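Engineer: Sequence:
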Amino acid sequence: MAIQLYNTLTRKKEPFIPLEEGKVKMYVCGPTVYNYIHIGNARPPIVFDTVRNYLTYRGYDVHYVSNFTDVDDKLIRTAKELGEEVPQIAERFIDAYFEDVTALGCKRADVHPRVTESMDIIIEFIQTLIDKGYAYESEGDVYFHTRKFDGYGKLSHQSIDELRVGARIAIGEKKQDALDFVLWKSAKEGEIKWDSPWGQGRPGWHIECSAMAKKYLGDTIDIHAGGQDLSFPHHENEIAQSEALTGKTFARYWMHNGYINIDNEKMSKSLGNFVLVHDIIKKHDPQVLRFFMLSVHYRNPINYNDELLENTRVGLERIRTSYENLKHRKQASAELTDHNEEWLQKISQHHEEFINAMDDDFNTANAISVLFELSKLANYYLMEKNTSAAVIEAFLKEFEDLFSVLGLSLEKEQEELLDEEIEQLLEQRIQARKDRNFQLADDIRDKLKEMNIILEDTAQGTRWKRG
RNA sequence: GGCGGCAUAGCCAAGUGGUAAGGCAUGGGUCUGCAAAACCCUGAUCACCGGUUCAAAUCCGGUUGCCGCCUCCA
Numbered sequence: 485m486a487i488q489l490y491n492t493l494t495r496k497k498e499p500f501i502p503l504e505e506g507k508v509k510m511y512v513c514g515p516t517v518y519n520y521i522h523i524g525n526a527r528p529p530i531v532f533d534t535v536r537n538y539l540t541y542r543g544y545d546v547h548y549v550s551n552f553t554d555v556d557d558k559l560i561r562t563a564k565e566l567g568e569e570v571p572q573i574a575e576r577f578i579d580a581y582f583e584d585v586t587a588l589g590c591k592r593a594d595v596h597p598r599v600t601e602s603m604d605i606i607i608e609f610i611q612t613l614i615d616k617g618y619a620y621e622s623e624g625d626v627y628f629h630t631r632k633f634d635g636y637g638k639l640s641h642q643s644i645d646e647l648r649v650g651a652r653i654a655i656g657e658k659k660q661d662a663l664d665f666v667l668w669k670s671a672k673e674g675e676i677k678w679d680s681p682w683g684q685g686r687p688g689w690h691i692e693c694s695a696m697a698k699k700y701l702g703d704t705i706d707i708h709a710g711g712q713d714l715s716f717p718h719h720e721n722e723i724a725q726s727e728a729l730t731g732k733t734f735a736r737y738w739m740h741n742g743y744i745n746i747d748n749e750k751m752s753k754s755l756g757n758f759v760l761v762h763d764i765i766k767k768h769d770p771q772v773l774r775f776f777m778l779s780v781h782y783r784n785p786i787n788y789n790d791e792l793l794e795n796t797r798v799g800l801e802r803i804r805t806s807y808e809n810l811k812h813r814k815q816a817s818a819e820l821t822d823h824n825e826e827w828l829q830k831i832s833q834h835h836e837e838f839i840n841a842m843d844d845d846f847n848t849a850n851a852i853s854v855l856f857e858l859s860k861l862a863n864y865y866l867m868e869k870n871t872s873a874a875v876i877e878a879f880l881k882e883f884e885d886l887f888s889v890l891g892l893s894l895e896k897e898q899e900e901l902l903d904e905e906i907e908q909l910l911e912q913r914i915q916a917r918k919d920r921n922f923q924l925a926d927d928i929r930d931k932l933k934e935m936n937i938i939l940e941d942t943a944q945g946t947r948w949k950r951g
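Just so you know, we're using our numbering here: the first sequence kicks off at 485 and counts up by one.
It should be emphasised that the hints constitute simulated quantities derived from the structure, not laboratory data.
As the structure is a computational prediction, the values presented were derived from the model and not from experiment.
Glycine included, each C-beta is placed from N, C-alpha and C at the ideal position.
Among the hints, a few may not be true.
Derived Cβ-Cβ restraints for the label pairs, each shown as a range [claimed, not checked]:
no. : residue 1 : residue 2 : range
1   : 594       : 939       : 43 to 49 Å
2   : 733       : 864       : 27 to 33 Å
3   : 895       : 646       : 40 to 46 Å
4   : 730       : 642       : 20 to 26 Å
5   : 756       : 785       : 46 to 52 Å
6   : 903       : 856       : 49 to 55 Å
7   : 766       : 676       : 56 to 62 Å
8   : 874       : 638       : 28 to 34 Å
9   : 495       : 787       : 39 to 45 Å
10  : 642       : 673       : 49 to 55 Å
11  : 507       : 934       : 55 to 61 Å
12  : 495       : 756       : 30 to 36 Å
Calculated pairs, DSBU-like style, for lysine-lysine (alpha carbon to alpha carbon, straight line, at most 30 Å) [said to hold, decoys possible]:
no. : residue 1 : residue 2
13  : 814       : 750
14  : 564       : 669
15  : 616       : 669
16  : 497       : 896
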């Protein structure tokens with residue numbers, strides 16, 4: 485059965501069938517780089533990186549493009565405030581973005597186009613819209629003539645007249661109609677600007693995605709994704725521009741992730757209630773944040789606070805411990821054949837359940853519950869006196885495969901070697917236990933604990949880990 | 001005013017017609033020299049009212065509460 489995917493356009497789950505067999509063209513709206521990203525901004529990269537991983541895992545050749553908005557009003561304002569130039573600010577926060585999302589386990593897109601490097605195609609795009617009668621120039625600005633495009637409102641399911649009633653749409657004097665939106669903005673005194681047939685200025689916000697998606701992925705793409713708040717007006721406008729230009733369907737499937745809330749309210753830069761990824765990952769394992777995001781279905785809101793993150797940490801720890809325990813037992817395992825089939829069968833059942841969960845609109849919450857169940861199964865197996873290397877191996881591989889689909893790491897970032905002092909204490913303690921000098925053994929254990937080394941005595945010997 | 005989402009155990013969270021996955025926390029137990037890890041046991045009739053159905057958390061209608069988009073925003 486095909487992967488089912490919820491399409492905002494139709495408001496239904498649909499079987500995912502890409503335009504070209506085996507290939508997926510995917511565009512994810514990227515950040516405006518005028519600040520560090522907050523954890524709400526981090527949701528699309530994480531969610532859609534996971535979608536990409538999964539599609540790849542299922543055999544698709546995925547072409548993934550995600551842009552940077554590196555010039556706009558907010559960047560200009562920030563530059564002015566800081567007394568810097570726009571490109572400087574953009575550069576800095578693009579670097580910071582990569583640093584943050586990489587820590588969160590997101591791989592690079594195939595292309596990360598930037599507005600400032602796409603001026604030629606943007607201008608050409610706008611010019612063609614003018615030529616076709618879908619856009620008009622007005623005192624150095626260019627506007628899209630919204631009413632000329634028939635399908636306007638099909639993504640947000642609003643009729644054009646209802647939108648018009650919306651009290652908050654301002655009528656600019658330069659616009660012919662309140663619903664028209666800007667494609668090109670003329671530069672004010674001292675602002676960063678580019679030459680164009682309509683004078684010096686810069687692109688409006690929506691046009692960049694249309695132009696860049698077309699350039700890197702073609703007229704029709706399979707999946708277009710972003711945060712829920714982009715569906716109107718941003719994505720609606722993209723559809724209008726692109727389809728007016730090409731006469732073809734712009735994107736076949738639209739995916740929108742839900743928000744991150746703080747105290748039940750949307751996290752946003754303008755509300756000021758945001759938590760920066762940059763700060764969070766200083767205090768918490770970034771993998772925990774990713775696990776946290778994926779433990780909720782991507783279309784549902786997530787409420788964020790430290791306590792929830794801590795609970796998540798403990799849960800992730802459980803799976804990792806299970807994985808560590810398997811690795812630890814590997815050497816002590818024999819080439820058994822008894823019951824192997826039975827266990828291998830159970831493992832593959834879990835594998836199927838994971839696939840089923842992900843096939844159902846990327847239900848990572850259910851997929852993760854399968855990981856917990858696999859973990860329980862593994863722990864149960866480890867209770868056996870004699871374990872089979874083949875079964876252990878199968879468990880390990882399963883964990884590794886499924887974790888990598890979710891973009892999660894099974895290893896904690898750490899921590900290689902012990903220093904000599906600790907090494908010695910460990911050996912002393914092993915001897916003490918042999919001598920049944922438990923008082924000394926316990927003292928050493930306490931001492932190591934103070935040094936953040938936690939010991940576990942198992943049937944296969946003593947192990948340590950950092951706390 | 002238009003469009004949409006949500007309401008499931010102490011907390012987080014799946015499930016969308018056949019009598020409620022999973023995680024965290026709590027309490028009890030097993031294992032262990034003692035711990036740790038692990039395992040077992042422990043909890044909800046799904047906001048409220050009405051309807052459809054042999055059967056509803058799940059469909060329909062209504063009520064209440066919360067949130068979002070319609071304005072820069074992931």
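Engineer: What are the numbers of the hints the structure violates, in ascending order?
Structural biologist: The structure conflicts with hints 2, 3, 5, 6, 7, 8, 9, 10, 13 and 16, although it agrees with all the remaining ones.
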